[in-house]
Amino acid sequence: MDIEISPHGHCTVINVSGEVDLFYSSKLREAIINQLDQGHNVAVELSKVNYIDSSGVASLVEGFQFAKAKNQPFTLVAISPPVMQVLQLARLDQVIPHVNAIEEIQA
Amino acid sequence: MNPAHRILESKFPAKAEALHDLRCQLRNALFNINLSSHQVDPLILAVNEACTNIIEHGYAPEQSGEIILEIFFDGATITFQITDFANPISNTEILLCNSDDTQGKGLGIHFMLEIMDLVTFSKDLAFHGNRLIMKKQLEENS
Numbered sequence: 000m001d002i003e004i005s006p007h008g009h010c011t012v013i014n015v016s017g018e019v020d021l022f023y024s025s026k027l028r029e030a031i032i033n034q035l036d037q038g039h040n041v042a043v044e045l046s047k048v049n050y051i052d053s054s055g056v057a058s059l060v061e062g063f064q065f066a067k068a069k070n071q072p073f074t075l076v077a078i079s080p081p082v083m084q085v086l087q088l089a090r091l092d093q094v095i096p097h098v099n100a101i102e103e104i105q106a
Numbered sequence: 000m001n002p003a004h005r006i007l008e009s010k011f012p013a014k015a016e017a018l019h020d021l022r023c024q025l026r027n028a029l030f031n032i033n034l035s036s037h038q039v040d041p042l043i044l045a046v047n048e049a050c051t052n053i054i055e056h057g058y059a060p061e062q063s064g065e066i067i068l069e070i071f072f073d074g075a076t077i078t079f080q081i082t083d084f085a086n087p088i089s090n091t092e093i094l095l096c097n098s099d100d101t102q103g104k105g106l107g108i109h110f111m112l113e114i115m116d117l118v119t120f121s122k123d124l125a126f127h128g129n130r131l132i133m134k135k136q137l138e139e140n141s
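Protein sequence lines, in the order shown, are assigned to chains A and L. Residues in the first sequence are numbered consecutively from 0, following numbering that gives the first Met the number 0. Residues in the second sequence are numbered consecutively from 0, following numbering that gives the first Met the number 0.
Okay, chain L solo, but in the shape it has when bound:
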């Protein structure tokens, strides 16, 4: 396995109107490591959902903030690291979001968990933010 190198670092406002450009940057970065559309599309969906959750549930409506997306690739595994500086959210709160499924809400977390091999949340007191890490192992011959 090769050492992981960063293939994208992007800072963008936590606003719904920023999601389109984020997806474009993400698509370009993943195509640059020779992934196919078949592989890229679900990864874009999962990252979009993570950022949507931060915009909807992380930052308060009147609160402006930033999201940082970093992607690392070691030749076999893609790691998506998403950092925000909204009020800390616990794993329990995140799981509760997922349980509200009466009108299709909570689907975002479901998509992330279905698409990725690993999804972890952490609070970092050093920089007063939340960090979501999602990992996807590339299948051989895909």
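So that you can see chain A by itself, here it is in the shape it has in the complex:
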């Protein structure tokens, strides 16, 4: 798994690629919480994630709950088909806000 963080307008984009499993999910969680803790609006770009398991989903859920508690925007962007399948299996696809492209966040 690789993580790249970059600003985009009023939000910070966390661009994730590769596989998010137990070995890597804590790094994703840290990246998300760290950005939210700094007061940034966070978008997690997932188009290049080819595998995610429950620990990866838990990192996304934790970010979503952290942001919700602080009334900060938290959005998933360009969810890849493998990730969407797992989110649907977890019945979270209608819970965590998501858009098809980063431009939609600022629209």
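By construction, these hints were calculated from the structure, which means they are not laboratory data. Quick caveat, the model's predicted, so the values are computed rather than measured. Careful, some of the hints might be misleading.
To be verified - Each computed EDC-like pair below joins lysine to aspartate or glutamate, with the alpha-carbon atoms no more than 20 angstroms apart:
| # | chain 1 | residue 1 | chain 2 | residue 2 |
| --- | --- | --- | --- | --- |
| 1 | A | K26 | A | E3 |
| 2 | L | K14 | A | E3 |
| 3 | A | K26 | L | D40 |
| 4 | L | K134 | L | D116 |
| 5 | A | K47 | L | D40 |
| 6 | A | K26 | L | E16 |
| 7 | L | K14 | L | D73 |
For this one, chain A is given, so just place chain L on it according to the hints.
This is chain L only, laid out in the frame that chain A set:
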């Protein structure tokens, strides 16, 4: 129905860094019996979750151990047998893990139960280990 034959036996350390290679072995074994990606992907997720649970909740953090994955196929049903030698865990404890869903934890068991047709846990006093068996019946025309 044909007699079940073993299509994979893999021993690997109960470490998170071993999960990637496990998934690769699993994918190859399931493609070798002509399953499609559509069929293979959820099965990989379920087995990964079972092994993740052993790594996270079975072996203690300072305890090194091994996981054995065996897969059997009889032409209609795939049986995944996962053995570990951590401290015995009861069905009740496993179900309790599943109830902690406040931050997405417990999802692993949910995935296993959603994907597989049968999930059973047992302790085997003969070899002092835990054994998880998951079965998936292949649908005709899939």
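We went through each hint and held it up to the structure:
Annotation: proposed proximity of K26/A to E3/A holds, straight-line Cα distance about 12 angstroms (limit 20 angstroms). With a C-alpha separation of about 26 angstroms, the suggested pairing of K14/L with E3/A is violated against the 20 angstroms cut-off. Proposed proximity of K26/A and D40/L is contradicted: the alpha carbons are some 24 angstroms apart, above 20 angstroms. Annotation: proposed proximity of K134/L to D116/L holds, straight-line Cα distance about 6 angstroms (limit 20 angstroms).
Only pairs whose Cα atoms come within 20 angstroms are accepted, and K47/A paired with D40/L is accepted, the gap being roughly 17 angstroms. Between K26/A and E16/L the CA atoms are separated by roughly 14 angstroms; this keeps the pair inside 20 angstroms, and the hint holds. At roughly 30 angstroms between alpha-carbon atoms, K14/L and D73/L are farther apart than 20 angstroms, so this suggested pair is violated.
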